[in-house]
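Engineer: Once you've looked at the hints, dock chain B against the given chain A.
Each chain is listed here by its residues.
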Amino acid sequence: MGTLNSLWLLTRKSVTGALFGITISDRYLTVSPVRGNSMHPTFASSSTNFPGYLKGDLVLIERFCLHDFKFSHGDVVIFQSPSNHKQIYVKRLIALPGEWIRVSSDMVKIPDGHCWVEGDNSSSSLDSRSFGPIPLGLIRGRVTHIIWPPQRLGKVERKSMPGRIYQD
Amino acid sequence: MAAGRFSSFFSRAASVPWSSIAGEAFDRVVLVAKTVCFVHVINNYVCSIALVRGPSMLPNINMTGDIVAVERFSPRWNLIDVGDVVLLRSPENPMKTVTKRVLGLEGDTVTFLVDPSNGFASKTVLVPKGHVWVQGDNIYESRDSRQFGPVPYGLIHGRAFCRVWPPESFGSIGQKM
Numbered sequence: 001m002g003t004l005n006s007l008w009l010l011t012r013k014s015v016t017g018a019l020f021g022i023t024i025s026d027r028y029l030t031v032s033p034v035r036g037n038s039m040h041p042t043f044a045s046s047s048t049n050f051p052g053y054l055k056g057d058l059v060l061i062e063r064f065c066l067h068d069f070k071f072s073h074g075d076v077v078i079f080q081s082p083s084n085h086k087q088i089y090v091k092r093l094i095a096l097p098g099e100w101i102r103v104s105s106d107m108v109k110i111p112d113g114h115c116w117v118e119g120d121n122s123s124s125s126l127d128s129r130s131f132g133p134i135p136l137g138l139i140r141g142r143v144t145h146i147i148w149p150p151q152r153l154g155k156v157e158r159k160s161m162p163g164r165i166y167q168d
Numbered sequence: 001m002a003a004g005r006f007s008s009f010f011s012r013a014a015s016v017p018w019s020s021i022a023g024e025a026f027d028r029v030v031l032v033a034k035t036v037c038f039v040h041v042i043n044n045y046v047c048s049i050a051l052v053r054g055p056s057m058l059p060n061i062n063m064t065g066d067i068v069a070v071e072r073f074s075p076r077w078n079l080i081d082v083g084d085v086v087l088l089r090s091p092e093n094p095m096k097t098v099t100k101r102v103l104g105l106e107g108d109t110v111t112f113l114v115d116p117s118n119g120f121a122s123k124t125v126l127v128p129k130g131h132v133w134v135q136g137d138n139i140y141e142s143r144d145s146r147q148f149g150p151v152p153y154g155l156i157h158g159r160a161f162c163r164v165w166p167p168e169s170f171g172s173i174g175q176k177m
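In order, the protein sequence lines correspond to chains A and B. Counting from 1, one number per residue, gives the positions in the first sequence under this note's numbering. Counting from 1, one number per residue, gives the positions in the second sequence under this note's numbering.
For reference, chain A alone in the conformation it holds in the complex (with noise of 0.2 Å):
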């Protein structure tokens, strides 16, 4: 009786504490390993296999931007990927909506509720110059932290692009 008294205990412990965890991971802070080179320099990636997952970087991701999606030029942004809405990506954010961004010669209008986004690894990058700009609502959070490993810790910085958006 003892014993499933106490694993009863353990039990509604348990979740209680999953329960908190999830709201906080939803709502304020979460944290996520990052793979991929698209955004190299920024972070360093992991690779696909256990042990890789280790020495990727791990990040801090805030979810208070998704109170009033107003991003900022240079955010860090996480999203659903278009095509796939189960895959996430982490890519920068360029231009806002109702600006123009200048694609090789061409520039493209940015539709209201849209954003341009691109990895700082121009070469092997999956971004807006593939799938075209992507709605806002995609977003699930912004990347302001690198909290692993230790000699990487540090703020995510925004990083502007002079000279290829243009305010109408």
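I should point out that these hints are in silico values taken from the structure, not numbers from a laboratory. Check each hint, because a few of them may be wrong.
To be verified - Cβ pair distances, simulated, as ranges:
id, chain 1, residue 1, chain 2, residue 2, range
1, A, Ser160, B, Gly65, 41 to 49 Å
2, B, Val32, A, Ser122, 45 to 53 Å
3, A, Trp8, B, Ser15, 34 to 42 Å
4, B, Ser19, A, Asn121, 56 to 64 Å
5, B, Ser11, A, Gly17, 40 to 48 Å
Virtual Cβ for every residue (Gly too), placed ideally from N, Cα, C.
Structural biologist: Here is chain B on its own, set in the frame of chain A:
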């Protein structure tokens, strides 16, 4: 005299059971936090309710506002199907949630009237991978995929499956008429 008043004040203050008051306050705060977390998880992963307004889903949803029950797990598990009424974040304004019916999934071909009040010209579109085609039931008064194109699946918030208010129209929201 002043010292006597101070010491009686302190001795009365010491007799107040601070630690048990603090303990009770902490328990209450923990209970509130647990309730908030529970409500958050239910609202975001199981079921939620929403007020739906506007003429775009007439006659199935009233213009002045019906309250519908929205289930939140269908989009996460790819269970959205043609004919479902879904709530989605508008691609034109991420702060706005709109309610429309899904008429095409990825890979489907959708044919629609370009201007329903003005002739019969129609257009056919192939819905790209990872997107859905949504239209309001009231095609004359609805801003939907015919204007803003197919929407990425990730914008779908939940599936409206039942009207809960007003009580006279309680019941499930039907498939396309």
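Engineer: Does each hint fit the structure? Answer for all of them.
Structural biologist: Going through the hints against the structure:
1. A:Ser160 <-> B:Gly65: 41 to 49 Å: 44 Å Cβ-Cβ, so the 41 to 49 Å window holds.
2. B:Val32 <-> A:Ser122: 45 to 53 Å: holds (49 Å)
3. A:Trp8 <-> B:Ser15: 34 to 42 Å: Given range 34 to 42 Å: holds, Cβ gap about 39 Å.
4. B:Ser19 <-> A:Asn121: 56 to 64 Å: Holds: the Cβ-Cβ distance is about 57 Å, inside 56 to 64 Å.
5. B:Ser11 <-> A:Gly17: 40 to 48 Å: Holds: the Cβ-Cβ distance is about 42 Å, inside 40 to 48 Å.
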